[in-house]
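Enquirer: Single-letter residue listing:
There are 2 protein chains.
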Amino acid sequence: MLYPGYINKDYKKNINYKNRGMKLEGLINQTNEYYIEKDIAIIYKKPTPIVVCNVDYKKGLIKEGYYKIPSTLDYNGIYKGKYIDFDAKETMNKTAFPLSNIHDHQLLHMKRIINHGGISFLIIKINSLYYLLDGKIIIDFIENNKRKSIPYEFIKNKGLLIKEGIRPALDYIKVIDDYYFKEEL
Amino acid sequence: MLYPGYINKDYKKNINYKNRGMKLEGLINQTNEYYIEKDIAIIYKKPTPIVVCNVDYKKGLIKEGYYKIPSTLDYNGIYKGKYIDFDAKETMNKTAFPLSNIHDHQLLHMKRIINHGGISFLIIKINSLYYLLDGKIIIDFIENNKRKSIPYEFIKNKGLLIKEGIRPALDYIKVIDDYYFKEEL
Numbered sequence: 000m001l002y003p004g005y006i007n008k009d010y011k012k013n014i015n016y017k018n019r020g021m022k023l024e025g026l027i028n029q030t031n032e033y034y035i036e037k038d039i040a041i042i043y044k045k046p047t048p049i050v051v052c053n054v055d056y057k058k059g060l061i062k063e064g065y066y067k068i069p070s071t072l073d074y075n076g077i078y079k080g081k082y083i084d085f086d087a088k089e090t091m092n093k094t095a096f097p098l099s100n101i102h103d104h105q106l107l108h109m110k111r112i113i114n115h116g117g118i119s120f121l122i123i124k125i126n127s128l129y130y131l132l133d134g135k136i137i138i139d140f141i142e143n144n145k146r147k148s149i150p151y152e153f154i155k156n157k158g159l160l161i162k163e164g165i166r167p168a169l170d171y172i173k174v175i176d177d178y179y180f181k182e183e184l
Numbered sequence: 000m001l002y003p004g005y006i007n008k009d010y011k012k013n014i015n016y017k018n019r020g021m022k023l024e025g026l027i028n029q030t031n032e033y034y035i036e037k038d039i040a041i042i043y044k045k046p047t048p049i050v051v052c053n054v055d056y057k058k059g060l061i062k063e064g065y066y067k068i069p070s071t072l073d074y075n076g077i078y079k080g081k082y083i084d085f086d087a088k089e090t091m092n093k094t095a096f097p098l099s100n101i102h103d104h105q106l107l108h109m110k111r112i113i114n115h116g117g118i119s120f121l122i123i124k125i126n127s128l129y130y131l132l133d134g135k136i137i138i139d140f141i142e143n144n145k146r147k148s149i150p151y152e153f154i155k156n157k158g159l160l161i162k163e164g165i166r167p168a169l170d171y172i173k174v175i176d177d178y179y180f181k182e183e184l
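Residue numbers (numbering that gives the first Met the number 0), protein chains in the order written: chain D, 0 to 184; chain C, 0 to 184.
One thing to keep in mind: the hints can contain errors.
Said to hold, decoys possible - Here chain D is said to cover these stretches of chain C; the calculated rule only asks that three of the stretch's residues, wherever they fall, bring their Cβ under 8 angstroms from a Cβ of chain D:
| id | stretch |
| --- | --- |
| 1 | 45-52 |
| 2 | 74-85 |
Claimed, not checked - Once the Cα atoms are required to be at most 30 angstroms apart in a straight line, the calculated DSSO-like pairs of lysine-lysine come out as:
| id | chain 1 | residue 1 | chain 2 | residue 2 |
| --- | --- | --- | --- | --- |
| 3 | C | LYS93 | D | LYS45 |
| 4 | D | LYS88 | C | LYS57 |
| 5 | D | LYS22 | C | LYS67 |
| 6 | C | LYS45 | C | LYS79 |
Note that these hints are calculated values from the structure, not bench results.
C-beta: ideal position from N, C-alpha, C; glycine also.
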């Protein structure tokens, strides 16, 4: 299926079709590029880890490789002197976010980052909406629940809604400001 | 060529052959694992960026891919609440470190990180010794010099010698403590 907003070159002008068809990862990458360009925050997506098994060095060609499960979160960087570390997760489930989306070592990584004074969270796309859910809240939920998913109601209540825009596409820094840097505002 | 220290299973006990044959990247990865295990710092090497052109999805096999030049530095993470971002570079040149080892966008990245309150540096292996050279010093050198390399004497004077050890193999955090967290000691 093709999305009109995606193939139309003037989609930026066309607010009705903005970002439609763009995956969450694309929205965040575009947002990070905007932050770097405007010197707001320096946050990058880490490359996908690949085990390379066979390379043709003459051609610089990788002939055999496999995707590896990442042991950290996908995005990290710096904002206002603070270490930022997060991941983006999408679910088609309308009532809850399945915890199978978070690997054990990713949860451990979040804990470590928070313990060392960093900011860690997930950006969750659910019901076509984007929420920032703080890492401490996620860890607390998992450690004190036997549920295998986080109910949508919980995310709505405890998460922070990130509004979709044009530039940046997903201004999550605005939400970080409100939540993590409140005292400084 | 095989290095006795590398193939000998008991090499950890054998101080004379310690780490011999291990590449700089291996030493730093081993050191980072130690830091994570001991909960000292949470620093990882970013995966090497690869452009994947052809995948056999059934087998999960990457059949065609190419290495990309990274636009950031290889290692980043958090230590004592501070954002840390660095790269490791080796040179066989005995008198100077060629600046061709640092890509333009890597230099720009270092500048941005420092401007945002992060700690950025290079670990340089030269003459079989390991030095931590602060990003500000590197940027200042490049901007105020027409030289195409940093003389070894300069690195010896301005850099911080990292001693090789067993565990961790390259205790660069000790040097970071002395240099960046002096007032806290």
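Enquirer: Next step is simple, just say for each hint if it's right about the structure.
Expert: Verification of the supplied hints:
1. Residues of the stretch 45-52 of chain C with a Cβ under 8 angstroms from some Cβ of chain D number 6, which satisfies the need for three, so the listed coverage holds.
2. Counting residues of the stretch 74-85 of chain C whose beta-carbon sits less than 8 angstroms from any beta-carbon of chain D gives 9, enough to reach three: the coverage restraint holds.
3. At roughly 34 angstroms between alpha-carbon atoms, C:LYS93 and D:LYS45 are farther apart than 30 angstroms, so this suggested pair is violated.
4. At roughly 23 angstroms between alpha-carbon atoms, D:LYS88 and C:LYS57 fall within 30 angstroms of each other, so this suggested pair holds.
5. The straight-line distance between the Cα atoms of D:LYS22 and C:LYS67 is roughly 23 angstroms, inside the 30 angstroms bound, and the hint therefore holds.
6. Straight-line distance between C-alpha atoms of C:LYS45 and C:LYS79 comes to about 20 angstroms, which keeps the hinted pair within the 30 angstroms bound.
In this structure, the one hint that does not hold is number 3.
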